[in-house]
Amino acid sequence: MAKIGVFICHCGENVGAKVDCTKLAAAMGEHPGVAVSVEYKYFCSDPGQESVKRAIRENNLTGVVVAACSPRMHEATFRKACAEAGLNPYLCEIANIREQCSWVHTDNDKATEKAMDITRSMVEKVKRNNKLQPIEVPVTRRALVIGGGIAGIQAALDIANAGQEVVLVEREQSLGGHMAQLSETFPTLDCSQCIMTPRMVEAAQHPKIRLLTYAEIESVDGYIGNFSVRVRMKSRYVDVNKCTGCGDCITKCPAKKISSEFDCGLGKRTAIYTPFAQSVPNIPVIDKENCIYFKNGKCKICAKTCQCDAINFDMPDTFVDLEIGAIVVATGFQVQNNTMYGEYGYGKYPDVINGLQFERLASASGPTAGKIQRPSDGAEPQTVVFIQCAGSRDPSKGVRYCSKICCMYTAKHAMLYAHKVHSGKTHIFYMDIRAAGKGYDEFSRRAIEEDEAAYVRGRVSKVWQENGKLMVRGVDTLLGRPVEIAADMVVLATAIIAQPDAKEFAKTIGIGYDEYGFYNEAHLKLRPVESSTAGVFLAGACQSPKDIPDSVAQASATASKVLALFSKDMLEREPVVATNNEATCAGCWGCVLACPYNAIEQKDIVDRSGRVIKRVASVNPGLCQGCGTCVTFCRSNSLDLAGFTEKQIFAEVMGL
Amino acid sequence: MSIEEQYRTRAKELLSGGAVKMVIGYGKGTTANRRRPLFISSPDEVERLVLDDVCITNLSGYLVSEGLLSDEKRVAVFLRPEGIRAINILAAESQLDADQIVIFGFDVNGNEVQALKGIHVEEFADVIGSIKEAAPEAAEEELFEKIEKMSPQERFSFWQEEFAKCIKCYACRQACPMCYCRRCIVDSNQPQWVNTSSHTLGNFEWNIVRAFHLSGRCVECGNCDRACPVNIPLRLINHRMAEEVLGAFDHFSGMSKTQEPVLASFKKDDSETFIL
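As they're listed, the protein sequences go chains A and B.
Residues in the first sequence are numbered from 167 upward in steps of one, following our numbering.
Residues in the second sequence are numbered from 1308 upward in steps of one, following our numbering.
Read the hints as simulated data drawn from the structure, not as lab findings.
All C-beta atoms, glycine included, are put in the ideal place defined by N, C-alpha and C.
Be careful, since some hints might not be right.
[What the hints assert, rightly or not] Restraint ranges, calculated between C-beta atoms of paired labels, are given here: (1) B/Ile1310 x A/Ser385: 51 to 57 Å; (2) B/Asp1494 x A/Leu298: 23 to 29 Å; (3) A/Leu298 x B/Ile1515: 29 to 35 Å; (4) A/Gln299 x B/Gly1324: 57 to 63 Å; (5) A/Lys207 x B/Gln1460: 21 to 27 Å; (6) B/Gln1460 x A/Tyr763: 41 to 47 Å; (7) B/Asp1494 x A/Lys769: 19 to 25 Å; (8) B/Val1434 x A/Gln299: 53 to 59 Å; (9) A/Tyr763 x B/Asp1433: 34 to 40 Å; (10) B/Asp1577 x A/Trp630: 45 to 51 Å; (11) A/Asn462 x B/Lys1424: 28 to 34 Å; (12) A/Asp275 x B/Asp1577: 41 to 47 Å; (13) B/Asp1577 x A/Asp480: 40 to 46 Å.
[Stated by the list, open to error] DSSO-like, lysine-lysine: derived pairs with alpha carbons at most 27 Å apart: (14) A/Lys769 x B/Lys1564; (15) A/Lys813 x B/Lys1475; (16) A/Lys537 x A/Lys423; (17) B/Lys1564 x A/Lys780; (18) A/Lys434 x A/Lys464; (19) B/Lys1574 x A/Lys673; (20) A/Lys669 x B/Lys1574; (21) A/Lys423 x A/Lys570; (22) B/Lys1380 x A/Lys780.
Could you build all of it, start to finish, from the sequences and the hints given here?
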């Protein structure tokens, strides 16, 4: 015999002002199977919860309905209270009479009537609820960090320093990511490489970190605590175990005129190369596209030079299979290709460059050893124009969002330029100066006040070449007049965009992404580092454009999430999972296809002699997320979802 | 040699050589214009096989009789193009192994019976492809056009009148090769989603559930329509659903034995016009 307790919460004025709670409590008290029906101002408060617990104990309740706000708000609260009173938490349900009733109705009587329907429907459901036990799954205490930029390195180091194993996978041949390309960093102007390379070395030498560079994620299967990951080790054509990193092969390589990706096309590299001198690991790779041997079948000078016999032109790609408990995605960003702004002349005039290229020019390890020289003739530019929002905040051509870092790095560029070219003059076209952050506004003020950066509020309409100068025509909207500046170099603050393959990669690991390809967090405010997939976390600019402090903070946050996950031997999962009635399953496998989590497998039912007599669907409770897609697909009604069984839903509908 | 004789000869060869354990075909019925399914497993019986223009029943449903194919031996079956499409769907939904099925394909054009070349289901891809091309108009008839022109209210009352005749005998289900579930949703009574009474609500529920379960799967063989003892024009509902699926997802049921079930599969370019 059901003994249901109904607890009607006023939620202050939220429910009480529209719904006649006294009337509702009286009506529910009359309903068959309801033992207790009471109202209270705030059931979520401590005395409120205590009264629920007391009612459960005193009346030996078999189920609880809390008529209150959304279950997303306080389902967990009341289920916990029930458990503390000795009632299985899954025998507690929330009837939402706030969001779907009191908030949306104006007529008090009708709202009360609706609240009665909603609550009665839930009472009928709870009568048919089953005691459910959380599902326990083991945890593999090994984290996978994808991406070896500053975010990935930080996450890997934090996890490893807490004593857990980490596999750090980087698709380029060296750790470092974009931060290794930068010159000085805002707002402190400390040298990027000087703070970055020690961290790279620390990650590479850490006993708990296994570093896989020049490697890409091939596939990810499994679920939180139990992922199976396959990594493709791209062939370097250089044996990692034999190479000492002496660099002789690089010096001797005859293919010397290849545009360097690391230097953003401003420098040259050889076909066998490391991207930069401080590469970690310091082991070169052969660029098959440009290698003379791979093109013509003759050369092999590197192999002849190498004293360790480390060069192997027949090296195949290999695969590494990993068992992983948690994944940190730190795959970073790209800069937009500015050639779509034909009016700015990027790609047409060599002296129109983007912000990342300016970083290489200003970097001591860059192609000019830190001297600001313009790409066309190597001359020192005397006038530099910076154009901010060259792609950002431009729905018509670029991207709608703000790339966040450009205001700051442009101020930094102006500063670095002023420090290196004392006679130089800078003009910065901007829309707004967005300098929110510790020390940021002070930094941009310093660029204006001490380093004489001339900010012009307005957009640039055209850049063209005339008499060896780059003519920049724009508008000063504060003075309301057109401006024309003859510049020696133009720097575009290009938009930050998601990696070109970000969407494809999201599908590989099974996480969500937004319209731009940035990865979606589970909740922007309350769960900003979790992805929508349990056990997969997000760090750095793969989630949204970020500067270094934010990336590092987010990386450390993911590490704390991973460590919390690893602090237990077994994980508890919600027992809301599908089950299959094998007796009635027709084995059509529609559910296998329909399941978005690959949680349904085919299972053979065999007789004593091992002969297959039937094939049926079987749900893996570790993978099942309880979405119910399979249940709605199943024509024979063989699949059912615990916590939302057909019987419960039917009773709920009939209770209305 | 007539097609009937050719197929008798082929059936005899297959049965005597042991290449198939059974031939499912048509035999004489109780009246001159009726044919009944014939199951023969001996070469001596092939003379009982009949093939003429009134052989219309889709025999593919018999193949999924429990235990028939579990010994992995082959079975031959007389099939019109719709029946061949049904084999593809049953194979795609793992109800049978298409390699076990030897097809005696034929089609009826007016009064004339034509043989369809091929033995295995894959060999009929061209035949099925040409049906798809002709699909939009092929099955349409006067009554269908009439219903299409009705207002939703008129259409509702049309079907209300038709379903009022339903006696819930489930003959449509028993005759349908796609209704292979061992327990149908209407036989599940915990809870009883579909009302068993043959009143308006129960009748609507049953016929609409069946139409949905067949959408993207029905081959329009007409078995249900012919089996209905009260002559509800069930073919019209199924044809309408087939048109919807073809229009929305370019899915024509039974194209191949690896065709994914349309309502269980997802394509990135699926139209999302139904999402508000």
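Hint-by-hint comparison with the structure:
For the hinted restraint 51 to 57 Å between B/Ile1310 and A/Ser385, the CB-CB distance of approximately 52 Å keeps it satisfied. About 28 Å separates the C-beta atoms of B/Asp1494 and A/Leu298, a value consistent with the hinted range of 23 to 29 Å. The beta-carbon spacing between A/Leu298 and B/Ile1515, approximately 33 Å, falls within the hinted interval of 29 to 35 Å. At about 59 Å, the beta-carbon gap between A/Gln299 and B/Gly1324 stays in the expected band of 57 to 63 Å.
The supplied range of 21 to 27 Å is broken by A/Lys207 and B/Gln1460, whose beta-carbon atoms lie about 50 Å from each other. Distance hint check for B/Gln1460 and A/Tyr763: the Cβ-Cβ separation is about 43 Å, which falls inside the suggested range of 41 to 47 Å. With their beta carbons about 23 Å apart, B/Asp1494 and A/Lys769 fall inside the hinted range of 19 to 25 Å. The hinted window of 53 to 59 Å between B/Val1434 and A/Gln299 holds, with their beta carbons roughly 55 Å apart.
Under the hint 34 to 40 Å, the C-beta atoms of A/Tyr763 and B/Asp1433, about 39 Å apart, fit the expected range. Take B/Asp1577 and A/Trp630: their Cβ atoms lie about 47 Å apart, and the range 45 to 51 Å holds. At roughly 54 Å, the beta-carbon separation of A/Asn462 and B/Lys1424 lies outside the given 28 to 34 Å, and the hint is violated. Distance hint check: the CB atoms of A/Asp275 and B/Asp1577 are about 45 Å apart, consistent with the given range 41 to 47 Å.
Against the hinted window of 40 to 46 Å, the Cβ-Cβ separation of B/Asp1577 and A/Asp480 comes to about 45 Å, which satisfies the hint. Distance hint between A/Lys769 and B/Lys1564 is fulfilled; the C-alpha atoms sit about 21 Å from each other, no more than 27 Å. Taking the CA atoms of A/Lys813 and B/Lys1475, the gap is about 24 Å. The hint holds against a cut of 27 Å. Among the hinted pairs, A/Lys537 with A/Lys423 is consistent with the structure: their alpha-carbon atoms are about 21 Å apart, no more than 27 Å.
Using a Cα cut-off of 27 Å, the hinted pair B/Lys1564 and A/Lys780 holds, with the two alpha carbons roughly 20 Å apart. At most 27 Å may separate the alpha-carbon atoms for a hinted pair to count; A/Lys434 and A/Lys464 meet this at roughly 22 Å. Distance restraint check for B/Lys1574 and A/Lys673: the Cα-Cα separation of roughly 14 Å lies within the 27 Å cut-off, and the hinted pair is therefore satisfied. Using a Cα cut-off of 27 Å, the hinted pair A/Lys669 and B/Lys1574 holds, with the two alpha carbons roughly 16 Å apart.
Proposed proximity of A/Lys423 and A/Lys570 is contradicted: the alpha carbons are some 35 Å apart, above 27 Å. With a C-alpha separation of about 17 Å, the suggested pairing of B/Lys1380 with A/Lys780 holds against the 27 Å cut-off.
Going down the numbered hints, you'll see the structure goes against 5, 11 and 21, while the others check out.
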